[in-house]
Amino acid sequence: MTITSAARAAIDLPADAVYIGGEWIVPDDEPRLDVINPATEERIGSVTDCSAETAAKATAAARRAFDDWSRTSAGQRAAHLDALADAFEQHGDQLAALAAREIGMPLREARAVQVDLPTRVLRSTADLARAYRWDGRDASGSSIVREPSGVVLAITPWNFPVHQIVAKLAPALAAGCTVVVKPAELTPLNALFVAALCGEAGIPAGVVNIVTGRGATTGEALVQSGDYDVVSFTGSLTIGRHIGAVAGGRIVRATLELGGKSPAVLLDDADLDTAVRTTVKNCFVNAGQKCNAPTRLIVPEELRAVAVNIAAAAADAYVLGDPLDEATTMGPLASHAQRDKVLGYLDGARRDGRVVTGGLADEHERGYFVRPAIVTDLPETAPVVREEIFGPVLVVLGHRGEDDAVRIANDTEYGLSAEVWSGDPARAAALARRVRAGQVRVNGVRTPSLPVSPFGGYKMSGLGREMGAFALEEYLEVKAILGDPELT
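Those letters in the sequence shown? Residues 1 to 488, per the UniProt record's numbering, in order.
Bear in mind the hints are in silico, worked out from the structure with no lab data behind them. Keep in mind that a hint or two might mislead.
Said to hold, decoys possible - Quick list of the computed label-pair ranges, beta carbon to beta carbon: (1) 325 <-> 145: 29 to 39 Å; (2) 42 <-> 319: 15 to 25 Å; (3) 360 <-> 42: 16 to 26 Å; (4) 12 <-> 381: 51 to 61 Å.
Even glycine gets a Cβ: it sits at the ideal position worked out from N, Cα and C.
Sequences are here, hints too, so could you generate the full structure?
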């Protein structure tokens, strides 16, 4: 693998290598995949498209390391997580710059969600491991023991690669599991940077292994191998169905986070200007490439025209450009294919309704740029209303009262996230309880500074939860020991 000088300033990564058993290994005679900067369309590196044999070496290394790692104390594992957090802080500037170039995310966003948030997740998970009740007794007097499940296969997406790796890695390591990570082929350099940080933090050999490659090759080989005890996947509904089916056939636990079509519901007593502008901002983080983006703005019908104008003005204020330029507020989409997909949805929106603003950013001769779009006057059955687009597209819909707003919000196959706005806190709280989603944000509240609130979805948004104690329990087995004497 080749990598930018910004990353080399902090971490020396060998070319075309993967991280297995605590060592950098360069697979022989295996294809290479180019890594492209989506803002410039230039090659910034390459990685190996690992074979089934190389993938098997990673799972074997994780299996060998499991016995020793699972027997370490919770305090020892927590200390390793804190050391990894220290490494994130030490190399945060380089990691953020690499993320900005590889994903196209503006540097300020990259620092917040690819460095600061993962660091907080590592530290909060370390604290949880120290405080967690690993052993206890139930009402019958039996001992209830929580033990690590084994080897975890973590398959992570391209949109928030570092955060998604850490969201799986931190609780798995805290639980006493070992891990094989297969990052998305669009953004693998961040994952290898994390591997180097794991080595710097002193995490024992084989506890964390990272192999690169395409989902159809390396990912499929790992999933089909069955040589794991838990699979945790974040990505598309189609691939999630497949992984869930394979895991189910092997009676292996699967946690699946599969996306969303999240609503932002505004009631008639909400501060319209604040709510609309905040929804636009939340929707367009990472150019809208965010599974919990509030992509459906549901406002009182009599206020829809005003809301559309506010949203359009907010969208038009974005500055598209080089993610490393501090003046840039929106970068490109992650790939040519993703840009074409978003533009196709906008073509459909023009046929079905009205695109108020946004579309192809033809002022940029290079890069996969799309100007943020506001669309309205659409039937509720339109694809742009119902399907996850994963781009900077906000749909504005009108509701005719609170019950109608809840109906529209829940009229989706997804249920990952939602937002509600009301000038009456009690009314907002009651509305939040009627929305079928795994996480509901009230009046603009974002991820807390202590990132322990569970994240995951209802319906087709997946199975299982990330963050906090709920995440830890995804990687634990529960054992009842009947007649167990009191230990002294």
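Now for the hints, and whether the structure bears them out:
For the pair residue 325 and residue 145, the supplied restraint of 29 to 39 Å is violated, since their beta-carbon distance comes to about 54 Å. Distance hint check for residue 42 and residue 319: the Cβ-Cβ separation is about 21 Å, which falls inside the suggested range of 15 to 25 Å. For the pair residue 360 and residue 42, the supplied restraint of 16 to 26 Å holds, since their beta-carbon distance comes to about 20 Å. In this structure the supplied range 51 to 61 Å holds for residue 12 paired with residue 381, their Cβ-Cβ distance being about 54 Å.
Comparing the model with each numbered hint stated earlier shows that hint 1 is the single one that does not hold.
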